[in-house]
Every structure is written in C-alpha cells, then in structure tokens.
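Asker: Residues per chain are reported as follows:
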Amino acid sequence: MPKIIINGKEIEFEKGMTVLQACELADVEIPRFCYHEKLSIAGNCRMCLVELEKSPKPIASCAMPAAEGMNIKTNTHLVEKARKGVMEFLLANHPLDCPVCDQGGECDLQDQSMYYGVDKSRFIENKRQVKEKYMGPLIKTQMTRCIHCTRCVRFATEVAGVPEIGAIGRGENMEITTYLEKAMESELSANVIDLCPVGALTSKPYAFEARPWELKKTESIDVMDAVGSNIRIDTYNWEVKRILPRLNNDINEEWISDKTRYSCDGLLKQRLDVPYIKKNNKLQKSNWDEAITLLTDKIQSINPNEIGGHIGDMVNMENALSFKKLFATLKSKNLEFREKKFYINSSEKINYIFNSSIKGIEESDLILLIGSNPRHEATMLNARIRKTFVKKRIPIFSIGDPGELTYDYTVIGNTTDDLKKIIDNEHEFSKKLSSSNKPIVIIGESALELESGQYIVEEVKNFLKKNNFISKEWNAFNFLAQNASTVGLIDLKVLSKEDEEKNSFFEKLNKNQFKLLYLLGSDNLDIKKNNEFIVYQGSHGDRGAEIADLVLPSAAFTEQNGLFENLEGRVQESKKASYPIGEALEDWKIFNLILKKLGKFNDLSKFDSLRKEVLNLIPNFTKLNELPNFEEAQVVNTSSEFISESVNIKNLDYFYTNSISRASKTMSECRQIKQKLRKTGT
Amino acid sequence: MTLKKIHDDQPKEFKFSSENFKKAEEILKRYPKENKKSAVMPFLYLAQKQNSNWIPLAAMKYIANFLSMPYISVYEVATFYTMYNLAPVGKHFVQVCTTTPCLIRGADKIVRLCKEKISPNENELSKEGSCSWMEVECLGACVNAPMIQINDNYYEDLDEKSTKEILESLINDKPLKPGSFRGRKNTAPEKKQIVNGEKHA
Chain A
1 MPKIIINGKE
11 IEFEKGMTVL
21 QACELADVEI
31 PRFCYHEKLS
41 IAGNCRMCLV
51 ELEKSPKPIA
61 SCAMPAAEGM
71 NIKTNTHLVE
81 KARKGVMEFL
91 LANHPLDCPV
101 CDQGGECDLQ
111 DQSMYYGVDK
121 SRFIENKRQV
131 KEKYMGPLIK
141 TQMTRCIHCT
151 RCVRFATEVA
161 GVPEIGAIGR
171 GENMEITTYL
181 EKAMESELSA
191 NVIDLCPVGA
201 LTSKPYAFEA
211 RPWELKKTES
221 IDVMDAVGSN
231 IRIDTYNWEV
241 KRILPRLNND
251 INEEWISDKT
261 RYSCDGLLKQ
271 RLDVPYIKKN
281 NKLQKSNWDE
291 AITLLTDKIQ
301 SINPNEIGGH
311 IGDMVNMENA
321 LSFKKLFATL
331 KSKNLEFREK
341 KFYINSSEKI
351 NYIFNSSIKG
361 IEESDLILLI
371 GSNPRHEATM
381 LNARIRKTFV
391 KKRIPIFSIG
401 DPGELTYDYT
411 VIGNTTDDLK
421 KIIDNEHEFS
431 KKLSSSNKPI
441 VIIGESALEL
451 ESGQYIVEEV
461 KNFLKKNNFI
471 SKEWNAFNFL
481 AQNASTVGLI
491 DLKVLSKEDE
501 EKNSFFEKLN
511 KNQFKLLYLL
521 GSDNLDIKKN
531 NEFIVYQGSH
541 GDRGAEIADL
551 VLPSAAFTEQ
561 NGLFENLEGR
571 VQESKKASYP
581 IGEALEDWKI
591 FNLILKKLGK
601 FNDLSKFDSL
611 RKEVLNLIPN
621 FTKLNELPNF
631 EEAQVVNTSS
641 EFISESVNIK
651 NLDYFYTNSI
661 SRASKTMSEC
671 RQIKQKLRKT
681 GT
Chain B
1 MTLKKIHDDQ
11 PKEFKFSSEN
21 FKKAEEILKR
31 YPKENKKSAV
41 MPFLYLAQKQ
51 NSNWIPLAAM
61 KYIANFLSMP
71 YISVYEVATF
81 YTMYNLAPVG
91 KHFVQVCTTT
101 PCLIRGADKI
111 VRLCKEKISP
121 NENELSKEGS
131 CSWMEVECLG
141 ACVNAPMIQI
151 NDNYYEDLDE
161 KSTKEILESL
171 INDKPLKPGS
181 FRGRKNTAPE
191 KKQIVNGEKH
201 A
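Residue numbers (my numbering), protein chains in the order written: chain A, 1 to 682; chain B, 1 to 201.
It should be emphasised that the hints constitute simulated quantities derived from the structure, not laboratory data.
Computed from a prediction, not measured in an experiment: that's the story for all the values here.
Some hints could be false.
Stated by the list, open to error - Reference excerpt, derived from the structure (chain A facing chain B, CB under 10 Å, subset only):
(1) Ala67
(2) Asn75
(3) Glu164
(4) Tyr179
(5) Pro205
(6) Asn512
In this text, a Cβ means the ideal position worked out from N, Cα and C, and glycines have one as well.
Bound-form chain A, shown alone (with noise of 0.2 Å):
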C-alpha cells in the first residue's frame, strides 16, 4: 500500500483516496463543509485546505487524490491562516442569527466558526438577503444562511435520483431553490435537513420546538416498513420531537425516509388513553378492570374455535409471542397476522427474507422485480438499488409495471406467463438471468397475492438453485416484506403450517364464523362487522378502534422494548424512549391482566422470558443486528398451481400505510401534495 506523511507521521493509505481520508486514518481532524462521505466530491468550501510540502499554494484536500510520497502539514501558520480566511468569508454573508435558528447547537458552521473561526468580523458592507424558497411541507428554508456547499442538491441528483434542487444565479446572487419552488417529489426529500451544515434547510414541522441539548436520545429501529432502518428517537419530557437516521452501512446507511422521519407526530395524536367499551352503539370511556371482565366472560361464554385473532404490522416479537401464548391457553387456533391472502412457506428461512441482503444489492449485476414496487414498499431498500444502478448501471427488469422509480427499468411483461416463459427457458430474458454473475430476484406481496404465488415462489426458487444462484456465497432469491412484523411472525411460527396453505382464518372471516375477534394492533385488515364482538388492542384510535367493541390501549413501539426482525431476517431492538401514555400498558401485560382474570397463573409471562423464548424460536439466528445463518434450499417437486393472470402491483397510499402514519398531521400533508401533483401532472 502507497504510504503518506502526514504532521510527519507515515501511514498506509488505500489507492484512491483522498488526502482529506488519509488524514481521517492519521486521526487528523480536518474542517469541511461541503465533502460529505456518501456524495460526490464539490471542492467548493475550500474549508478543508491543507498544506503540501512544494506546493506554493494550500491545497483542498477533499478533492486532491493522496499520491505516494505526499507531505501534508495541517498545524502549520498557513493553515491556520487559510482556514481562518476562508471562514472570514463564509461568514462575511451569513447572519447573525443564532439564537433564533434552529440548526443552534448542531449547527457545523457554528462548531467550526468557534475552533477555525476570528472572534471579530472586518466586513461593514451588508450582507446579501436572499428569500426564503418553498420546498414542501418538510423542510424549513432560510436561505439567507446557506453557505452554498451544494450538498442538498448533490443529494437529490446522486442519492434520492430526483433531480430537483440546483443552484440558479451565480457570484453573489447564487441561489439554492427547487425547480421553480415546487416541492421536492422524493421520499427521501428530510434527508437534506441533516445534510445542511448550516440552518438554511431545517425541519418544518420541528421547526422551534426544541433544542438538541434538551433532548433525550433513545437509539432504536424503525417499524413503518420492513427494512428496519436504524434510526435515534429524541424525545422531550414523554413527547416524542423527532427522529434521526442512525448511521448503518448495512441496512439504510446515513439516509431514512421521510414517512420514518415525520409520522413520529402521530403519535401524539388519535392515542387510545384509557379501555373504551361500546355503549349505545358509541364508544365510551371505561377502566381496566371493567374491561378486563367484559372481555373475560365474552371468552369464557365462546367457544374457542369461535375466536380469532389478527396481528398488525408494527407488532413486536414479544408480544406477538404472547398473544400467541394467550390463544394456546384459549385453545383456538384461529391466528393470522396477512392482512390479506398470499403465499408464503415457513418451512425454509430463505423463502421468506430478503436473501441477498441490502448491502449485497451492491454486488450485484442484474435485477428482476417481480410485482414489486421497492421505491414505497422498501424506500432505503430502493435508494441502495439506486446507487447500484447509478454505479455501475446494472440491467433492472420487472415482471408487472410498478410505476415511476428512481432508475430505468425495462418491463418485460406482465403476465405470469412471460414468468413461465422465463422459467422454462423459453424466453430470451432467461439466458440474460443465467449467464449474470450475480443476479437479484425480488419477489413483491402484490406477486404473491396472486392466484399462482406458490407457482412463482417455489419455481423461481428451483429455477434460481437450478442455476447455481442458491449458495452459502450468493443467494439471489428475495422476498420483499411490507411489513415491519412480518418476517418475525412467520419465525415464531403463528400460522400453523396447515393454515398457511389453507388460509383458514380468512375462510372463516369471509363466512362469519368468528364470534370473537381480537385485533392486536391490527388496522389493515379488511372486516366486514357483523355480530361478531371485535376487541382492539393498540396504540391509535385507527381503522380497527373504528370497529370495535372493547378498545384496549397499548403502548407505541416508541414506548416499549421489542425485538423486530427486517426483510432480510436481521433482528434488531427497538427501544423505549418514552412512555405509554394515559393508563395504556404493553401488549404482554394486558395478556397477563387476561390470563390472571381467568385464573390461569400458571401461564403468566415476563418479558426477559418472553424476549429469551424468542430468540430461541427463531431459526439460524445468529446474533443480534446480524444477518441469519445460510440453510441449502431444498427442491421440492411440488405439484404448484399455474394460473394465468396478470400482475398487478397494488399502489400503495405511501404516506397513509399505518396507524402511527394515518394520525400524522405531516403525512397528510405529504399526500394532500403528492395527489395534487397527481391530478396536475406537474
């Protein structure tokens, strides 16, 4: 490896890098504003000059290559002098405003003005006034502070592939705006909010609610998809005020979206307090233990079989255990956790997960969506596509036309006879598929949904193996789950494998058959209310609280500790950072307040026991946050249904997935624009 000097220390350094990454080895702090790790590099802060040994002039260390030999100084007079200069001149037209911004305290500008910074400034001309843009009801802009580092619009180009920000003027009256000040039509728009080094782009909806310092800060994972995006809950006092992506390379990287961002206001909003029980055919107020005995002798007056339950998307593993635990005692078996019918097979891991895993999207050289929309279904899951795309411009195909994506796909058709044709070798995509190094397959709900899911899951999957792409060092087959708690629920096994293949529970929903039907957290699901008496247990006064009879509050997944497992089988922990409000409880001691009434003491559960018990039921579970042990697939001739029928892929009302979501003021605003735009096509 070339080696460097720097501050008179000799390092090794990889080809490629920048002087300004070698000195990050050296553990040399150097200032930046514009250079940020994840873009592309600007070069135009000039905050990061060091000096070079013969070179007359300091140099950008952001931009120059690290070239053998070098000898950098970055604690010499020049430099001190250089980077003292330069500040003079990045401050010379931002104001003085720091009380009264936002970015105070995490303001980079601010950091750095202190260490490289003059105390006094020579400037007496006025300083430039530019007018605030509208960017959309997320971002907050005072462009009077922006520096012009142009990391938001090399973020929209690079990263989000929506090429709407840029910077229009030049000299003094360079401006950064969105084309025409529409709103930024991305999902992964907020990131620039953390992106911005100054307070030029800061949070409208948190805009002068609180100040960094005053908050709490929980780290934890994120539940409104599958991908389990790590991310730091901030909260102050019992509220939550916002949350931060968590940097992780190998699921979202230093990006989140901006439903994980922003529906956090919902949960202020639509709580469920206290139990509510039906009256009069209106909701009212009610106590536990009033609650607790209605429900109890409804229970005892059913017969079990009459009982289901339904568990919602944003359910953690220990208290879906418990409920699981609950019905055994109850002796019904009705449980179901699909919000709507499609295949799955829990026998093997890999046929539910996300094989390839995110990070491994990376390596990849070509990609088929079959009845997938990974850009709402799985945003950062798309953004890592995207930045394979933008890399190495790998081929992407999908089967069914998902619509407006960050990258150019072809539709090879839409039909599962043109999948057929693939598997069968009579289509020319085939050979594409087989002669790839590393291809990715990703298989949606929408595929799986279909009258033939068992024909595509299983045939694929044989195909796949067929052609060596199911091994210890590449497995390209993936299935995309919607949902936070889905890969989890299949590992711990609550769907009997019986009732996976008959789709019993939604049999006997579609006929009544249920007297009781118990919701834990469920608001997807679609009922029909007839006589039977339905019990909601979760956070928000939603779909499901609509319906019911017995409404039973629990606590958020911001307010409880719980394990999740993402769509490439990874379990993480999500954290308490706040907690339950009114006298709502977590799931599993509700479960317990049941099993006491009806005198069942024996089966009482604590949560490490619970949290134990889980990790043993989970199959090829390694370790906390890492991906699952690989398992040779086995081919099995099954007998599997082939029907001819189109793929349709379900657009999904992005903003408006979830309960936490739906009561979000933000999200509504959010949709409100983005079917706006719709209707315009503008």
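Since the structure of chain A is provided, determine the placement of chain B on it from the hints.
Answerer: Coordinates of chain B only, in the frame set by chain A:
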C-alpha cells in the same frame, strides 16, 4: 426590472422552428451521443434568437426534454450566464457600451437618448414593445467608440444625431445598416494613414 428573473407572463408553448430544428440537429452532431447535454448552451442561444431575444420557461422545458436533462439543470445554465435573457427585451435589443473609452467619447449622451426614445429605465420595453435597452460593459470596439450593439450588429462611431436616427429607425421597425456612422471602414484611420511610429522619436 432584471433580466435574470423569470418573467410573470410566460408563453405556454415553445418549439424550435423547422429551420432552427435543423440547426439544432447539426449542433447535436458536434457532441458525442452520451454527452448530448453539452448542447444546452447553443440550444438556449437558438431559442433566445427565435423568441425575440428572450428565453421563456417553455423553451427551457423543451430543451430539457430534447436533451434528456432535468429541468433544473437547464434553468441553472440559463440563470448563470448573463447573456441569456429570461424576460422580454424587445425584437431590437439595444446594448450600450458605457465602459471608459466609450464614456469618454460620449456614451452618456447615448444613454440619455435611449432613455428619451425607448424607455426611461433599463430593460423596460418601449411603448410599441419592440425595443429595450441596457448598459453593458466593454464590447471590445473601443477604437470605434462610442458604440451600441443591436441584436448581433455593432453600430459604431456614433454621435447624438446618428444615434437619434438609429433609435428612430428601430422604433419604426426599419433598422439602419450597421457599421461606422462616420464612414470609416472597420477600424481604418479616418483621414491620412499614419505609419506606425512616424511622428514619434
């Protein structure tokens, strides 16, 4: 009024005329296919010429689609360069050089005449809407100072009388012939040819 701000009153549609379309295709041939967006500057220039010296938003969109670039990128280029006009400037766009040599030779008088004949302020359309004027920096014809540029042509060696005539001809939409207004040929000496250095020691 500034020419770098998007005008309020925008035409809805823009398309290259068949003649300009041919030119555009010629321009495209100069660049490799994968870098066709390099043609954005000549295209903007073509659009500006076609649309009486200014570029409407519709033209930027048209060019963006033509070259498969994002709208914002074309917008960035159009706002960056000072010689792209983003608001109407009239069919006859008068640029008066007011840099030192021209100023010494009486450019201020020309400016005064422009204010009288065309419009009291810079970048404001004349009553008939066919003219506007602006002060510019050196146009590189100092030898023939003072001078003005109207669209692509230089009108040189001006005085008050000739300027008045030129401006009136513009307003009547019958522009005079460009060139020197003292009968000079290009930058040739006016009276007797003096060989370089003859009068100097």
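Asker: Evaluate each hint against the coordinates.
Answerer: Here's how the hints hold up against the structure:
no.: 1; hint: Ala67; in the structure: violated, 29 Å
no.: 2; hint: Asn75; in the structure: violated, 38 Å
no.: 3; hint: Glu164; in the structure: holds, 6 Å
no.: 4; hint: Tyr179; in the structure: holds, 4 Å
no.: 5; hint: Pro205; in the structure: violated, 25 Å
no.: 6; hint: Asn512; in the structure: violated, 54 Å
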